[in-house]
Amino acid sequence: MTDPRGQWTSKIGFVLAASGSAIGLGNVVFFGSNAYNFGFGAFYLPYLVALFLVGIPVLVSELGLGGLTQQAFPPSLARAGGRWGEMAGWWALLNASFITMYYVTILAWVCGMFLGSFGPLFAAETATPGYAAGSMGNPQGFFFHMISSPWVVGLVALVWVLNVVIVRRGVSTIEPVVKVFVPLMWIFMIVLIVRGLTLEGGPQGVYLLFTPDFQIMGDPAVWRGAVSQIFFSLTLGFGVMTAYASYLPRNSDQINNGLVTACLNCSFEYVAGLAIFSLLFAFAIVPSAGTLSMIFFVVPAGIAAMPAAVKLFGLLFFLLLVMAGLSSSISLIEGLNCAIIDKFGWSRRRTILLTGLIGLVGSVAFALPQVIDPGLQATGTLGFTLINLVDHWAFSYGLLIVGLVECLMIGWGLPIARLREELNRHSRFRLPPAFDWLIKLVIPALLAFVLVTSVWQEIASGAIYGWAPQLTLGRLLPVACFLVWLLGSLAVAAWFTLRPAAPSPATAAAAAPLAGRAESPGA
Amino acid sequence: MRRPAFRIALLAALLLAGGSVGASTPEPPAAAVELSIADERPLRGEPVRLTVSAGGAPAPGALVEAIYRPNSSTTYREPLPPADSSGTVFWTPRDAGPVTLEVRLAAALETPPATSRTVAVRYPGFPPSGLAIMLLAGVLLLGGAALGFVMLLTGPPAKVPPDEPPST
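Sequences listed follow chains A and B, in order. With this note's numbering applied, the first sequence covers 1 to 523. With this note's numbering applied, the second sequence covers 1 to 168.
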C-alpha cells in the first residue's frame, strides 16, 4: 500500500526541504532590504530577539501541529478551534497565495536577470559606483528595461511550469531537488562573502549591519519590520511548515527539526547579510528601488567587480537564486495543495492544475508591464503599485494576523500544554512550561501590539496605506486591492470551510484523538 | 525523440528573450554642476572638504544637504552651511553608512538638486558592540544549526508508526 499523501524518506530530506522552503528570496531580497530600511544594526538586534522569542516557538508549534495531526494547516487548526479554526487555516493559505503570486513574478524577474547574464547585464561599465538608472550597461538600467518588456510574462509562465513539474509528484520530487539546491546556495554565498570582504571598505559594511543604534530601535516600526521578516523568512503563517511536518512520522523530533530549520535559515541570512552589506558599502550603493534593489542592483555590482569570470559568477548567482526561489515557491504551493487534497480528496494532478492556473493568472497580473509605474525609469524608483499594495496587506498585516490567531487557537484551544507534552515525548530537548505562556500570552500580546501600532502609525501619517490621494493609478485600485485581499480571501475561506470533506485517510485521521495514537517503536 | 529539439528551441527562445531586453537606453545628460569630495570614504566625526563647481567655476552660495540612510524609513537630512566664495563646504558626518549629498544652486531647498553624490561614511574604528553582536549571532545561529544537525544525525531513526502506510 502506498500513502497518497507521501512521506519524507529521510530526516535530512525533511530538514533540507523545510530550510529550502525557508531559505529563498526572502533571505537575500527581503532581509537585506529590511535591514537597510530599518537602520542596519538597529534592525539586527530586534531581528535576533524576534527569532528566539517569536520565530522558533511559533515554528515548533506549527511543526508539532502538523506532525501530530498528520494533516494540512486548516484541518490541523480545526482541531484547536473547530470551524473557526479551519476557516482561519484556509484564510492563512489564501493570504499566502497572494504572496505566492507576486513571489513567482519576482522569481520570473530573477530568471530575466539570469538570461540577461548571457547578454548585456555584466557589461564592462557595470561596476561604476553611483551609476544612473538610464544606463543600460548596469544592472539597474537592465532591470528597469526588462520589467517593462512583454517577454517577462513568458518568464512568469515558465516559472509556474517549473513549479508544477516539481510539485506534481509531491515530496518524492521535492526532496531530491532541495538536496542539491540548498548546499549549492550556501557555497555560492560564501564565495560572495570572500569577494565582499576583500573589497576596499567591505568590512565596514559588516560593522554597519551589526552595530546597534539604540535610538532608532525605539521606533516600533523597526520591531514590526523585524517580526514580519522572521515570519516571512521562516515561512510562518503560510501553513507550509504544518503541511511539511504532516509528511513526517508522528513521533519525529519536531523541536529539533524546528531548531535546525530556524538556525539554518537565519544562518543563511547572516551569511547573506555579510555578503550584501560588504558589497553595499564597498560600492556606496543606495538601494533606490527599496525591496528589490539589493538583489537586482547591489549584488550584481559586486559580481561585476570580480577579478575574473564575471559572467560565470553572474550566471551562477542568478541560477542559484532561481533555485532558492523555486525551493520556496514549491513549498508555498504545496501548503495549499496539501490542504485541498486532504479536504476534498482530489487527485494531486487535478489540484495542481487548478492552483497552478489560478496562480499563473495572478502572477501575470503582477508582471504585466501596464501595471508597472511608467514613471519608474525617470525617478529611479520601482513603482510596482500593484505589488506594493498587495504586499502591504498580505505580507505586513496578513502574516502577523495569522500568527496571532494561530497562537491563540493553539495556545487556548488545543491546548498548548498537551502539544508540549507530545513534543517533549519525542525530543531530546525539553520545552519548559514557560513555553505555554509564550504561545498563549506573550507572542499574541507582542503581535497585537505590533499590529495596533502599525495601524496607528498609518492613521497618524495621514492616510491608511493605499488610500493616499496622490497615487497615480487612481483611487479605485488601492481600494479594490484591499477588498479583494480581505473580503475575497475571507469569502473563499468560508466556502472551503463549509464544503463537506471527502472521506479519505487524512479526514479519518482528523477524527482520531490528538494524543495517545500509535507511535513507532523506539522513538 | 522530439524532446531534445524542443529543449533546444526553448533554450534558444529564452536566450533571445534575454537578449531582447538588452536594447540600449538613452544616457542621462551630463550635469553642469559638480560636487567633488576630498575623501571618497570619509570617517564619521572627521570633517571633510566638499567643493561645488558649476561649469568648471566655483559655485559660492551653493547649498549642500547630507541625506543619511537615503530611501529608508530611518532617513534624516542635515543641511550644511552655504558654500564659501571658493565653493567649499566642510562637512562632519554624524553617522556611518551610505549618505547622499545633494547640491542645489538656488537658495530655496525646494528646487530639485542640481547634482548628487553618494558616499559611504566609515566608522573611525572597529565598533566593539558590533563585534559582540556579530559573534553572538554567529555562535547562536551557526552553533544552533550545527548542534541540531548533530542531534538529527545521531538521534534514533524516526520510523513510520504502525498505523501509517509505508513511505512512497
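Since the hints were made in silico from the structure, they are not lab data. We treat Cβ as the ideally placed atom computed from N, Cα and C, and that holds for glycine. Accuracy of the hints is not assured; some may be wrong.
[Said to hold, decoys possible] In silico lysine to any residue, SDA-like type, Cα no more than 20 Å apart, as pairs: (1) A:K440 with A:V479; (2) A:K179 with B:L152; (3) A:K440 with A:W456; (4) A:K179 with A:L316; (5) A:K440 with A:I459; (6) A:K179 with B:A32; (7) A:K440 with A:L199; (8) A:K311 with A:D213; (9) A:K179 with B:T92; (10) A:K179 with B:G138; (11) A:K311 with A:K179; (12) A:K179 with B:T51; (13) A:K311 with A:G413; (14) A:K311 with A:I190; (15) A:K311 with A:K440.
[Unchecked claim] Not the full set, but computed from the structure, chain A residues with beta-carbon under 8 Å of chain B: (16) Y36; (17) A42; (18) F188; (19) I190; (20) R428.
So, going through the hints one by one against the coordinates:
no., hint, result
1, A:K440 with A:V479, "violated (34 Å)"
2, A:K179 with B:L152, "holds (16 Å)"
3, A:K440 with A:W456, "violated (24 Å)"
4, A:K179 with A:L316, "holds (17 Å)"
5, A:K440 with A:I459, "violated (29 Å)"
6, A:K179 with B:A32, "violated (55 Å)"
7, A:K440 with A:L199, "violated (48 Å)"
8, A:K311 with A:D213, "violated (38 Å)"
9, A:K179 with B:T92, "violated (51 Å)"
10, A:K179 with B:G138, "violated (24 Å)"
11, A:K311 with A:K179, "violated (26 Å)"
12, A:K179 with B:T51, "violated (55 Å)"
13, A:K311 with A:G413, "violated (55 Å)"
14, A:K311 with A:I190, "holds (18 Å)"
15, A:K311 with A:K440, "violated (52 Å)"
16, Y36, "holds (6 Å)"
17, A42, "holds (7 Å)"
18, F188, "violated (17 Å)"
19, I190, "violated (12 Å)"
20, R428, "holds (6 Å)"
The structure is inconsistent with the numbered hints 1, 3, 5, 6, 7, 8, 9, 10, 11, 12, 13, 15, 18 and 19, although it conforms to all the rest.
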